[in-house]
Each structure stands twice: as structure tokens, then as C-alpha cells.
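S.K.: So the sequences go chain by chain: A and B. First residue of the first sequence: 1, per this note's numbering; consecutive thereafter. First residue of the second sequence: 255, per this note's numbering; consecutive thereafter.
Because the hints were derived from the structure by calculation, they are not lab data. Quick caveat, the model's predicted, so the values are computed rather than measured. Glycine residues also receive a C-beta, built at the ideal position from the N, C-alpha and C atoms. Do not rely on the hints blindly, as some may be mistaken.
[What the hints assert, rightly or not] Distance condition first, Cα-Cα at most 30 Å in a straight line; then the derived DSSO-like pairs of lysine-lysine: (1) B:Lys363 / B:Lys379; (2) B:Lys875 / B:Lys518; (3) A:Lys185 / B:Lys1223; (4) A:Lys87 / A:Lys188; (5) B:Lys808 / B:Lys828; (6) B:Lys398 / B:Lys875; (7) A:Lys143 / A:Lys133; (8) A:Lys237 / B:Lys605; (9) B:Lys1002 / B:Lys605; (10) B:Lys675 / A:Lys29; (11) B:Lys445 / B:Lys479; (12) A:Lys238 / B:Lys1208; (13) B:Lys1220 / A:Lys188; (14) B:Lys499 / B:Lys679; (15) B:Lys304 / A:Lys121; (16) B:Lys445 / B:Lys1031; (17) B:Lys935 / A:Lys29; (18) B:Lys499 / A:Lys121; (19) B:Lys548 / A:Lys237; (20) B:Lys935 / A:Lys238; (21) A:Lys121 / B:Lys605; (22) A:Lys133 / B:Lys317; (23) A:Lys237 / B:Lys828; (24) B:Lys529 / B:Lys1002; (25) B:Lys398 / B:Lys266; (26) B:Lys398 / A:Lys121.
[Said to hold, decoys possible] Using C-beta positions, here's what the derived DEER-type ranges look like: (27) A:Pro140 / B:Glu934: 48 to 56 Å; (28) A:Met1 / B:Leu676: 35 to 43 Å; (29) B:Thr300 / A:Asp77: 19 to 27 Å.
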Amino acid sequence: MNVLVLSGYGINCENETLHAFEEVGFKGKIVHINDLIQNPKQLNNYQVFAIPGGFSYGDDTGSGNAMAKKILTNLYDQIIDFSLKDKLIIGICNGCQILINLGLVPSLNKKDPEVAMIENKSGSYECRWVDVKVNNNKSPWLKNISAMHLPVAHQEGQFMIPINLLKSIKANNLIGLQYINNHKKLAKGQFPFNPNGSKDDIAALTNQNGKVLAMMPHPERAFYHYHVPNWQNNTSKKFGDGYKIFMNAKKFFA
Amino acid sequence: MTNTIQILSIEKTGKESSLQKEHNNKSIKIIDGYFFSRNLDDQKFTKISKLISNDVSQTILTKKNVNKVLSSYSNFNWVVEIKFLPGVTDNIATTVKEIINDNLKSSFKSFELGSTKIILIKGRKEDITKISKNEANPLIQTIKIYPFKQYLNNFKKNQFKIERVKLPKKKYSKKEINLDISDYNLSLIGKLGIEENDKSRRGTLGLDLESLKTIRNYFSTIKRKPTDVEIETLAQTWSEHCKHKIFSAKIDDIQEGIFKKYIKGATEKIIQLRKDNFCVSLFTDNAGGIEFNKDWIICHKVETHNTPSALDPFGGAITGIVGVNRDCLGFGKGAKPIANTYAYYLADPNKKYQFYRQKNKDPMLPANFIAKGIISGVRVGGNCSGIPTPQGNVYFDDRFAGKPLVFCGTVGIIPKKIKGKLSHKKKANPGDIILMAGGRVGKDGIHGATFSSEELDPNSPVSAVQIGDPITQKKMSDVIIRELRDENLYSSITDNGAGGLSSSIGEMAKESGGFIVNLEKVPLKYNGLYPWEIWVSESQERMTLAVPPANVKKVTNIFNARGVEATIIGKFIKKEKAIVKYNKTEILNLDMEFLHEGYPKLNLKTSFPKIKKEKKKIIKKSSLIDKLHKLLSSPNIVSKEFIATQYDHEVQATSIIKPLQGEGRVFGNATAIKPLFDDEKSIALSQAAYPQYAETNPYDMAGCSIDTAYKNLIVSGANSKKIAILDNFCWCSSDEPDRLYQLKEAAKACYDYAVAYQTPFISGKDSMFNDFKGFDKTGKSVKISIPPTLLISSIGVVDKISHLTKITPDDSDILLVLGATRNELQDSVYSKIIGYEKSKNPVVNSKDALRTYRNFEKANKLGIINSAIGIDLGGLGIAVTKMAIAAKKGLTIDLKLKNKISVDQFLFSETQSRILVSLKKNKLPNFKKIFKASDYTIIGKCTGSDVVEFKDNKKIIRGKISDFAKSYKQNIKGL
């Protein structure tokens, strides 16, 4: 099991993302986008393609846009090919924004992006812990997970989805994660439970076969128990909730 | 054909809603504009538009649709167009250019573009003027206001213009400066700068008459005239910023100066006493380094960026944070930045001060504009670089109205050994190539900020301020840390900060002997720079490396493959000479010794200052609960959560003690990160400064800063033997004997307390003239000086995860105060908010303090302490309420008063070295085995109810936790 973790141009969560994969049993490598463009065939050696969080191109022209355009110009066919095989793709935070801008998620009808990531309703950057739940999604990334406590850290985390598309996203169960409140009910847009005002409290989307997951919260930052706020009150577990995502990737190939 | 692409969000953006709210106007829309230097044909327009927009969320404006699209939002009638002045860093434009180049390859070449913010409103001209004042800074941006009709017309007729740097084509000929002139004319060179042929002056050199005479003597000995480049270089190298002349000057009877005697002296004394390997690299490098574990070193550096932040708050602050990141990259062979810290000392953002740099013109920026700009500058710098920013604080005082203080710090980590060699040692060898990597050179930062806005005409690049570009730096940093360092491909490295190449190469060449630089090789942002400008420019995002010739090709190839420019600009030599050439003409040739040590040493005298007595303020009668609410909601105590949540403190997945603590999210005094996946050791960080105590007693002020910064780490669980501190002195009027007296006193306290606590100073910096000289709104001249401010930053190692403490007590816990409480309300928050009563200023007794700290450490390691919080601003009363807010659990406090102090004194005195702790009941016997009865007071317990109650004799006073939380989490007015 090999994971390729993308880096370069302001992506910045590659180390901790690779660590999380390695800790559950993957072998992995951080690969600079320019090296991948030079030698795209190396993708054949990997089963998981991970785009970590960060600030590629400083979010200029919209978060994830510039990096998505770089991939689109230089690597698009190879990535599409990867997504059609029995392999997994994950985009976390900036990675999620890149996947959305590439149109790989939800990828219901056409090549162009169908969803947009726009600025948080609060107008400010939000670094805070949230609760999310999994709702009837068949993605291998989310298997057997009901809810997770994870941090978000973004300026543009609001999913903007045209109404008709939202209907088919729901019909196809492509909503991966939704923000919930302190009573474990949907946040209904209420801040800070829903930190960005996303429609239908959407925190993650998948493509149709569920193998591509685009999520705004950071599972790699909730990997160990001591990552979780106020962990001193609960030291019995070794791992935080983010661990489950990486374990699911392992189980998929096991 | 068109020369602009303009994009707007279909839905209201966060920025638009905040503007609409702020200006109480629902008809405000923002357009992202890009102006091109060439016309785009329809095909290119469509293609490029698609590349830089998103058709789900945005609409692209065209000549055909512009009127229709915009009128669907409102009947706009005014427009403001905000774009950067020529030469100012435009990060968005850089990205757009890169996207276009990557996608269109060679089919669309050699074009310039500028990003523009266009704001449309329906309203009056005054309204748009007001908005433009809040959204733009005339020092770095052009602001054009015009009617909406004209905007439509501009659109139709392609009349949006990009202003490019157009410097006159000049041919450089070597310029020699005659110094054999009158003292008066000589001093003019120092004050106003070198005279150009057209009689204009280049801007202040900051050289005094004595320095200029020293330079004259040197050149008369070597029998030639100096060149302009030589004088500029000496001015940079000898500046207060680079040489710290005041700290190294003879002061009264202290021959060696206060730095050597008190700061370095303390560290040397401690090293001599400790006999361990804790201190690795001190004072000599870009940052100070200590041992983290057997394989790793951590370094820490804190810088200030005050003057630039007063002129351009966003640019000044972002440059401050990415600049100090480079200090880490330049530590040893290059440490990876793993945490940022910040501390802002600001004027009240809710007040209108109205000061002017010149009579009735050139106004200072409003206090809230400065505060917001600084906060967001560090946000963008830190977040975009992927470096967590867990630790910081903000303090408000009117005396910062003339100049804000912006402290930016970075912690770095580096393996002890790289390929078997000690990583903190570096040496440029003779023959090594000088490689400049990263950004290009423009007129940024030349001669600091001496320009007023009148002098900036649209075609001259802005040289006063720099704006950091975190992405360019991140790309460069990744290459250095990941691909070059561990392969040992270079022999030395340092950053380009103040003084630019003249300073970085000059410093590094001390390792080899000297250097030869060919300035025409340096890549420029635009043509037309004079050689001296290239040499001293402070353009950001650049590192200088010494690379053995055999590795040069490999190193430049790696940089280039990652989209980073790297250029050979000279070589290091053995001969102790500094030589600079421009197109083969030698324009600088100085002895290294004279360059670095030739400056005249100062001889300073101090005198005891007149102490201004604090004006009596009647204490307003109010209830205890009311006083608590007033203090909790005062700007210096109120929660700084709004900053913590906009600074990413989770990136790198190292945050283990977060800035917001407990269920109730209280803004903590210390934070911790766990930097390595395979070691449970953590780094605890804190900081403290007490400018409010400075005028009363600068010695005690410094003592309190050190004590608080140290205490916060002890409370967080750090190992007392592994704590180091950093000093950042921000002073005022340092040419006045009474200010120098305060400085000397504070430095003396630094020695005394650092030695007592055994905490070495590992790095520091000073900024000596934080004064504003200008005019008030009536045209009267004013001088506003900051209160002397000493920021002590502390960094410590926590050996085990289980040693990390929390601030939240559990039900039935007993509450105790460690350390005695005295009547020390002078200069306290209480005295400022509630009123002044006869009292003393806080004084640290290091012996008592250390007993408390050692005992606390012991008890914590044994698991006796359940929760703890350091007591500081606002005293015990505030510490108690913060604990309750954090835990969302009620506390009962018994006001059994000791030593005849009043309830208010007991609860609000700012007596130092105290810790509020909670224990599980059954731990009390073990606790008593460690602590003597006189060293603590049991003050109550945790009830788990929803109230905090104070029992005073038979009276019980109650306040609801949720109400306290409301006061504590109030918004700061003006922000």
C-alpha cells in the first residue's frame, strides 16, 4: 500500500498527512507537483493520492483554483485515470478546494467544476474544532464512522451548490460529512457549529463511487488523543477521531 | 479587445457583508479586477477569464453584460478603484501571471498586470470616500474615486490603466563623494543623504557628524575619496539597527556596556554555573539555540517591526512575521520554522487620536486601521506559510498612539548533526560562491520609512515599505529545509533583512575573510536601480548562501525545479576585504575590520528621572461582582479569542496545549507544541511585558516581566532546568539621560532575575527610538513616546505529556493560592479601571518565587496538582473567574484575609509569583509534605454549580459564570 502526498507552491500539511498514513501502515512519499508533472507515470506505483491542506498560491484567484489549473493544464488525464481505477483519492482542506475546482467531486455530469468553495459567512479565517457526522454515504473513506470531532482551519470553506445539483447530490448520497451542533443535531447553518455557513451543513463531498473524498476538516490534526482540545480530561484512548479516516484507507486495501 | 478582466461574486461575500454592516449600506459590491498592459483578443479574454474565475460562484463582466449584471444588484452611483502603486509587491498579480504562463505557455508573452479592487456603492460621495479610507492605504495604493457612469465608460473604451514602474534610463558612472567639506555640509549628508547631481538628496543616512569624520579620516589614510556605495554601506552597517550602539556603548561607569555586562553577562554566568549542554548557540547567530533532546536543537528569535507597521500596518506586520521566519531558516545550517509568536502594543482602537506628521497634513492612520492591519498581516503571513501561530497577546495603551509595537517571533527546529557535522556551526569558505535565492530586488525598504506621501508620485516605486510574499518564501524554505540542508550542499546561510545584501554578505564574509560581489548579476524587479540601491535594498524573501563551487549547479537546479530563482552574485575570499563591482567597475573596497568595527563608540550618561505622581482617581463605589465584570471586559483582560481563531495554530499537527483552554475557551497564558512524532517532549511558550509598570520603577518592571514569562512555563509543566528567555527592549528617546537611566535599571534587573532563575538569555533585539514627533489637529507640535517596554519571551521543554497541566478544576477540588498576596495595586488594571488607592508597585522576590516554583514543579510531576493558572493582570479575582469560565464549573471563594489587606487588595492586587491551583481532596496530605503552611492559602473549592461565590464574613456575593463569560468575551470596541 503506497500513498503519494502532493506538495509545492504553498501546500503545507504534507508532513503530518504522510505521517498519519504511515502510522496506519502505508508506505508513502511526498512528491513535489513539478516532479509529478515531469514524471506522471510514477502514479502507477501508488494506490492513494492525497492532496493535503495548505495555501497553494496563497488562495489568490480563489482557494484551490490556481493549483487546480496547474493540474488541469499538466496532469488532468493522469488524475482522471487514477480516479477510475480501484484506487483512493483524498483532498483535505486546501486539497478539498483543489478537488472541487478540478471538478473531480461530485463529478456528476461534466468536466467543469459544478460546485464552488466560497468565503466563510463570517468573513474571517476560522481555526476551530467542530463536530461532523456521516450520513448514509458509501465511501470507503467513511465506512463505519458515525461522527467525528475534528479541527477546521480555512477562509473559504463554504460549499456553494446550485439547487438542482444539490438535489442530485442528495439523491446520490454524495454528502460525506455534515456539521452538527452540541446536541448532535444538524447545525442548520448556526455558527460556530457550522463554521462557514455551508449549505446543508456540508463539510465534505464524495464522487459517485465514493473513492474520491473532498473534506474541509483536518483528520490528520486529530490523529492522536493529545491533539484533541482538553485531552487531559480523557487520556484513555491513544487516537483521536481523525485516525478512523486513515484506517479506513488501510482496510480498503487489506 | 479589452485590457481588463473583472470578476464579481454572485452571492454576497463575507467581506461585502462586513462592509455593508460597517457602513450601514446594503448597496456595496466588490469587483476583483485585473488590468493588463496589453489588449486581450476575445479568445484570450475567454481563456484567461476561465483560468482565474469560477463560473459557479462568479460572473465575468464584459462590455456587453456589465451594465445589466451590475444593475441587477443596485443602482450604483460611485466607484472606488484601489490598486497598488508601481513597485509595491502585488502577490495576486504574481499568481495570475504564473497561471497564465503555465497554461498559455509562449502564446501570450511579455505582459504586465496589476490586481485591482473595485468597490461600487449606491450612496453619496462622502460615503465612498469614507470606505476608501478604511480599505486603502495611500502610502502603497492609488485610490481613484469616480462616478459609476465613468466606470461604464472606462469599460467601454478600455480605459483602465495599469501603472508600471518607469524609472528614467540612467547610465551609472562611479560617483565619488567629497567629504572635505564644512561640518555643516558634512552633517547634511548624514541627515538628508547624499546629494544627487540635480541637488536632490537621497534620504537620511542616519550618520552623525562623528561617524562621518571617522569615515573621512579612514579615506584620507588610504588616500582616496569614498564612493557613494561605500558611504551607503557604512551607514547601513553602522546603523543602530545593525550594531546596537546604545547597548554596546560605555554607559556611566559601565565600560563594557549594558549588553555585555547584563544580558550576555547573565548568560555567561549561568553557563558557568550550570555545566550542562542546554545552551547551544547564543547571540552570534540569527536566532538563539538550545537543546531539545539528544538529537535536536530548537531555536527562537523575536523581532520588532514598529515603524513599518505604523505606515503600512498590514505590510509591516506580514513582513515582520515572514522576516523572523527567515531568522530561523538562517539559524545554523537552517532550522525549520515550527511556531510563530506575536505581541502587539497598540493604541485604543476605539479612539480617534488625529495626529499629523506635518502641520495639518500627512495624517497618521486611524488606530483601528492600524490594529486591524497588524492583526491580519500576521494572519496572512503565518497561515500562508504553514507555520502554526499558537502564542501571543495584545495590550492597549494611549501611549502607543504614535507608534504601535509589533513583536513577531519564530521557533525553529534542526537536527544536532547533519551528515556527522554539527548543524549550528557554519562557515563560508574562501572560494565559496555567493548565491542569492528567492525574490527579486526592487527599491523596497531603501532608507526605511522617511518618505511622506507627497513625495510619492505615481511613477516612482514605493521604496519606504515592503510587503511580504509568504508563498515565494514558503517555496524557498521548502527547498532549503527538505532538499539542500540535509545533503550538506552549502557551507553557510543567512537571511537578507535589514540592510539587504550589504548586511547579509558583510556578516557572512567574516567567516571566510572577505568577499567580491558583482552587483549587475542581481536579478531585479524592474530596471533602473542604482548600484547602491541594489546593494542596500530590503526586498523580502531572500536568503544568501555560501555554496562550494562543485555544488553550485546542483543547488541552482534544485531551486529552479521548484520555481525559485537562485543567482550567483559573487564569491567569498580569504583576504579581509569587502569588494563590490558593477559592470567591472569597482565601486566599493573597504577593509572588513573598518566596515564592522570602525564606527565611533558612544559614551552615554544617565540621570535619575523625575517621577510623575499618579493622579488620584476616586474609587467609584460598586459591588464586587460589578468590579469583576468591569475588569473582565477591560481591553487588556478581555479574551483575545478572535485572534486565536483566525491564526491557524493547528497546522503541522503539533498543537498540544492550545491558545483557547477548557470547554469555556479561556485565552491561555502559555501554549505548547509537540514538534516530533517520535518523542513525547513538548515545547512550552509564553511571554510577558509590563509597560504600565515602567515609569514607576523600571527595575521592578523588568523583574515582573521575567517572573511572569518564567512562571507561565512552570505552570504549564515545563522542566525548570530547560527554560530559556529572550529580551526585546522597545524604548523611547534613548538619547535622553533619564530614559537611559530606565534602560540601565531594566537591564540590571535582567541580569539579577535571569541569574536567580538560571534562565539564560539566548537571543534579543532592541529598538531604541519609538517616538512620534508631529502635530495635533490644531497644528500644535506634539511628541508621543511609548512607555519603555521590555518583552520577555520564554521557551521551555516539557519532558512528558503527563506533566502538561490544565486550567480547569474538577468538582470538589480544593482551591489554593501559592505565594503570598501583598497590597500591590499601583499601576494595576484595577487602579486604571476602578480607581487608585495608596499602594505599592509589584516587586518580585526571587527567593520566595523560586521556592513556590520548585515546589509546584515537584508536586506537578507527582500528579498532585489537578489544575493551575498563573495569576497576573487583574490579580486573583480574575484568575478565579477565568478558571470558572474555562471549566464551566462554579467555585466558592472564602475571603479569609491575611496580613490586614482589604478584599479588593486580596482579589485585585497584581503581586507577582503567585499560582492559583486546584487539588483533588485526597491529594492534600501529599501536597502538605511539599509546601510549608506559610507558602499557600486555601481559598475555597470547586462546587460544580453555575455560580462563582465569594464569602466575606457572613455575606455571600454571587455571580453567574455565564454572565462572567459574557463580559470576558465581549468584543473589543473598534475592532
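S.K.: All hints are to be evaluated individually against the structure, with a verdict given for each.
M.R.: Okay, the hints, checked on the actual structure:
1. B:Lys363 / B:Lys379: Answer violated: Lys363 (chain B) to Lys379 (chain B) is near 40 Å, above 30 Å.
2. B:Lys875 / B:Lys518: Cα-Cα ~49 Å, so violated.
3. A:Lys185 / B:Lys1223: 26 Å, holds
4. A:Lys87 / A:Lys188: Cα-Cα ~34 Å, so violated.
5. B:Lys808 / B:Lys828: 24 Å, holds
6. B:Lys398 / B:Lys875: 53 Å, violated
7. A:Lys143 / A:Lys133: 12 Å, holds
8. A:Lys237 / B:Lys605: 50 Å, violated
9. B:Lys1002 / B:Lys605: 36 Å, violated
10. B:Lys675 / A:Lys29: 27 Å, holds
11. B:Lys445 / B:Lys479: 20 Å, holds
12. A:Lys238 / B:Lys1208: 48 Å, violated
13. B:Lys1220 / A:Lys188: 24 Å, holds
14. B:Lys499 / B:Lys679: 26 Å, holds
15. B:Lys304 / A:Lys121: Status holds; Cα separation ~25 Å.
16. B:Lys445 / B:Lys1031: Holds, at about 27 Å.
17. B:Lys935 / A:Lys29: 26 Å, holds
18. B:Lys499 / A:Lys121: Not satisfied, since the Cα-Cα distance of roughly 50 Å exceeds 30 Å.
19. B:Lys548 / A:Lys237: Judged against 30 Å, a Cα distance of about 28 Å means the pair holds.
20. B:Lys935 / A:Lys238: Status holds; Cα separation ~16 Å.
21. A:Lys121 / B:Lys605: With a Cα-Cα distance of about 28 Å, the restraint between Lys121 (chain A) and Lys605 (chain B) holds, given a limit of 30 Å.
22. A:Lys133 / B:Lys317: Not satisfied, since the Cα-Cα distance of roughly 46 Å exceeds 30 Å.
23. A:Lys237 / B:Lys828: 60 Å, violated
24. B:Lys529 / B:Lys1002: 24 Å, holds
25. B:Lys398 / B:Lys266: Between Lys398 (chain B) and Lys266 (chain B) the Cα gap is close to 24 Å, so the pair holds against 30 Å.
26. B:Lys398 / A:Lys121: Since the Cα atoms of Lys398 (chain B) and Lys121 (chain A) sit roughly 29 Å apart, the hinted pair holds (cutoff 30 Å).
27. A:Pro140 / B:Glu934: 48 to 56 Å: For Pro140 (chain A) and Glu934 (chain B) the Cβ distance comes to about 33 Å; the hint is violated.
28. A:Met1 / B:Leu676: 35 to 43 Å: 38 Å, holds
29. B:Thr300 / A:Asp77: 19 to 27 Å: 23 Å, holds
Consistency with the previously given hints fails for numbers 1, 2, 4, 6, 8, 9, 12, 18, 22, 23, 27, ordered from lowest to highest.
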